[in-house]
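These protein sequence lines map, in sequence, to chains W, A and Z. Quick note on numbering: the first sequence equals residues 1 to 245 in my numbering. Quick note on numbering: the second sequence equals residues 246 to 300 in my numbering. Quick note on numbering: the third sequence equals residues 301 to 522 in my numbering.
Just so you know, these hints were derived from the structure itself, not from any lab. Bear in mind the structure is a predicted one, so any value in this text is a computation, not a measurement. Cβ coordinates follow ideal geometry from the N, Cα and C atoms, glycine included. The reader is advised that the hints may include incorrect statements.
Claimed, not checked - Here are the simulated distance ranges between beta carbons:
#1 G14/W to S386/Z: 29 to 37 Å
#2 T119/W to L346/Z: 39 to 47 Å
#3 A264/A to Y36/W: 18 to 26 Å
#4 A253/A to L237/W: 54 to 62 Å
#5 V201/W to D343/Z: 51 to 59 Å
Given next are the chains, with one letter for each unit.
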Amino acid sequence: MEWIALANPSRFLGLAERLLPWLVGATALAFAAGLYAAFFVAPEDYQQGQTVRIMFIHVPGAWLGMLGWAIMSVAALGTLVWRHPLADVAQKTAAPLGAAFTFVCLITGALWGRPMWGTYWVWDARLTSVLVLFLMYLGLIALWRAIEDPSRAARAAAVLTLVGAINLPIIKFSVDWWNTLHQPASLLRLGTPTIHPAILVPLLIMVVAFTLLFFTLYVSAMRNEILRRRVRTLRLLQAQAARGF
Amino acid sequence: MNLGPYAAFIVAAYSLTLAVVAVLIAWVLLDYRAQQKILADLEARGMARRSEVSR
Amino acid sequence: MTALAALLVRDMRLAVRVGGGALMGVLFFLLVVTMVPFGVGPDLKLLARIGPAILWIGALLATLFGLDRLLAADHDDGSLDLILMSRAPLELAVATKAIAHWLTTGLPLVIAAPLLGIFLNIDGPAIAVVALALLVGTPALTFIGLIGAALAVALERGGLLLPVLVLPLTVPVLVFGISAGDAAMAHAAPFGPAFLILVALTLMSVVVGPFAAAAVLRHGLD
Numbered sequence: 001m002e003w004i005a006l007a008n009p010s011r012f013l014g015l016a017e018r019l020l021p022w023l024v025g026a027t028a029l030a031f032a033a034g035l036y037a038a039f040f041v042a043p044e045d046y047q048q049g050q051t052v053r054i055m056f057i058h059v060p061g062a063w064l065g066m067l068g069w070a071i072m073s074v075a076a077l078g079t080l081v082w083r084h085p086l087a088d089v090a091q092k093t094a095a096p097l098g099a100a101f102t103f104v105c106l107i108t109g110a111l112w113g114r115p116m117w118g119t120y121w122v123w124d125a126r127l128t129s130v131l132v133l134f135l136m137y138l139g140l141i142a143l144w145r146a147i148e149d150p151s152r153a154a155r156a157a158a159v160l161t162l163v164g165a166i167n168l169p170i171i172k173f174s175v176d177w178w179n180t181l182h183q184p185a186s187l188l189r190l191g192t193p194t195i196h197p198a199i200l201v202p203l204l205i206m207v208v209a210f211t212l213l214f215f216t217l218y219v220s221a222m223r224n225e226i227l228r229r230r231v232r233t234l235r236l237l238q239a240q241a242a243r244g245f
Numbered sequence: 246m247n248l249g250p251y252a253a254f255i256v257a258a259y260s261l262t263l264a265v266v267a268v269l270i271a272w273v274l275l276d277y278r279a280q281q282k283i284l285a286d287l288e289a290r291g292m293a294r295r296s297e298v299s300r
Numbered sequence: 301m302t303a304l305a306a307l308l309v310r311d312m313r314l315a316v317r318v319g320g321g322a323l324m325g326v327l328f329f330l331l332v333v334t335m336v337p338f339g340v341g342p343d344l345k346l347l348a349r350i351g352p353a354i355l356w357i358g359a360l361l362a363t364l365f366g367l368d369r370l371l372a373a374d375h376d377d378g379s380l381d382l383i384l385m386s387r388a389p390l391e392l393a394v395a396t397k398a399i400a401h402w403l404t405t406g407l408p409l410v411i412a413a414p415l416l417g418i419f420l421n422i423d424g425p426a427i428a429v430v431a432l433a434l435l436v437g438t439p440a441l442t443f444i445g446l447i448g449a450a451l452a453v454a455l456e457r458g459g460l461l462l463p464v465l466v467l468p469l470t471v472p473v474l475v476f477g478i479s480a481g482d483a484a485m486a487h488a489a490p491f492g493p494a495f496l497i498l499v500a501l502t503l504m505s506v507v508v509g510p511f512a513a514a515a516v517l518r519h520g521l522d
């Protein structure tokens with residue numbers, strides 16, 4: 001089957017039906033392995049003690065936040081350049097998922113920060129960049145909801161997504177700069193914990209597990225969005241029929 | 246197992262993540278059921294997409 | 301007179317007319333700068349320390365609130381359709397409008413900044429540095445705002461959505477603009493790198509802004 005065939009929403013629905021059970025199973029297995037590894041295999045960190053376990057959620061959250069925007073950017077190209085019908089759906093559904101995991105990253109970062117640095121929020125470069133990313137997600141979702149026609153919304157959102165994609169590295173760079181400017185020579189140890197294999201492997205398993213979870217939710221949500229658009233089409237037809245067209 | 250003096254933070258982090266994931270799963274499932282129901286309803290009323298009518 | 305020059309002159313004339321809103325930006329700027337001491341207290345040392353930041357944030361907000369003048373008004377009275385149909389490339393047309401907008405909204409802010417700097421107890425050389433940074437950076441704010449203005453046209457009721465979309469994109473300009481403006485102060489980093497990056501950001505936005513805005517107007521306005 002060529003990739004282009006996937007652009008047909010009905011074909012995609014069929015594919016989704018077949019894929020989902022496997023995705024759900026793989027996700028469950030990966031989490032079982034990951035959680036076991038996170039709690040029973042990974043040792044205490046000598047600096048942070050047990051709180052390093054929070055990293056096993058925080059890092060996947062950050063990764064998924066970025067992955068979400070990357071997926072939306074590729075889909076945005078599909079919308080603007082090739083006008084794939086499925087690209088609109090792919091764009092729209094990634095946004096709330098990416099936003100949710102970015103939110104998880106922020107909150108777990110705060111909960112990690114309190115024992116580590118003594119304060120819930122710290123304007124360090126990484127957390128601040130993630131905060132800006134989260135705000136951009138929210139703005140994008142607001143834009144989606146503000147335009148009634150789905151294809152117009154998709155095209156406007158596509159431009160904003162691509163502009164955002166260009167800006168994200170620049171924002172990260174500027175936040176890094178800003179942070180080093182204002183960081184007094186302090187005792188805060190903000191470096192990443194040195195990652196030894198005993199911690200790295202569970203972390204990677206958790207990243208894989210979270211990614212599988214993302215894709216399970218993503219495929220399901222895309223299916224829902226396709227159905228939602230069908231409903232909209234049918235309702236429009238219904239309204240036309242009622243007027244006697 | 247002993248989660249150390251900051252156990253509450255670890256538990257909070259994992260619980261919150263679980264809650265967010267649960268909300269996402271619920272959203273996906275409930276939305277699916279809702280759309281299926283509406284589609285079935287519209288179908289019962291005789292509306293169908295062109296590609297299905299021609300079967 | 302070429303079409304683009306005519307567009308520039310038209311926009312500038314409209315801006316300074318009654319209801320045009322050009323000098324409203326400066327008035328808003330003045331009010332914001334006045335409000336901050338009410339918030340943080342009249343301590344002159346503190347105001348001098350945060351002065352450049354206040355000026356920048358004031359300029360940012362004044363630019364933001366003036367953005368609906370950029371495209372929405374033309375959309376409402378139909379001139380945007382004429383611009384879309386004209387032979388001038390859409391990217392150049394919106395860039396021209398952005399230039400006109402900056403000349404009538406951004407540039408007055410830059411001119412007002414030294415006076416407001418006195419209110420904030422920023423000393424002489426520092427005021428010059430801040431004003432220079434604003435001169436170079438406010439076009440970036442306008443051209444980034446152009447993207448938001450185009451998106452707002454595609455929406456029926458924009459409301460606060462425009463600022464929400466534009467603000468994250470202006471973070472780099474703010475960071476480097478204030479960093480350059482702070483340079484004359486004791487605690488700050490040197491002027492050169494921040495200023496050069498600010499120039500780079502402005503140049504980038506002058507290119508990306510019109511292309512993105514034109515794409516939104518073309519695709520989003522069926």
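For this session: Check each numbered hint against the structure and report the violated ones by number, ascending.
Result: The structure conflicts with hints 1, 2, although it agrees with all the remaining ones.
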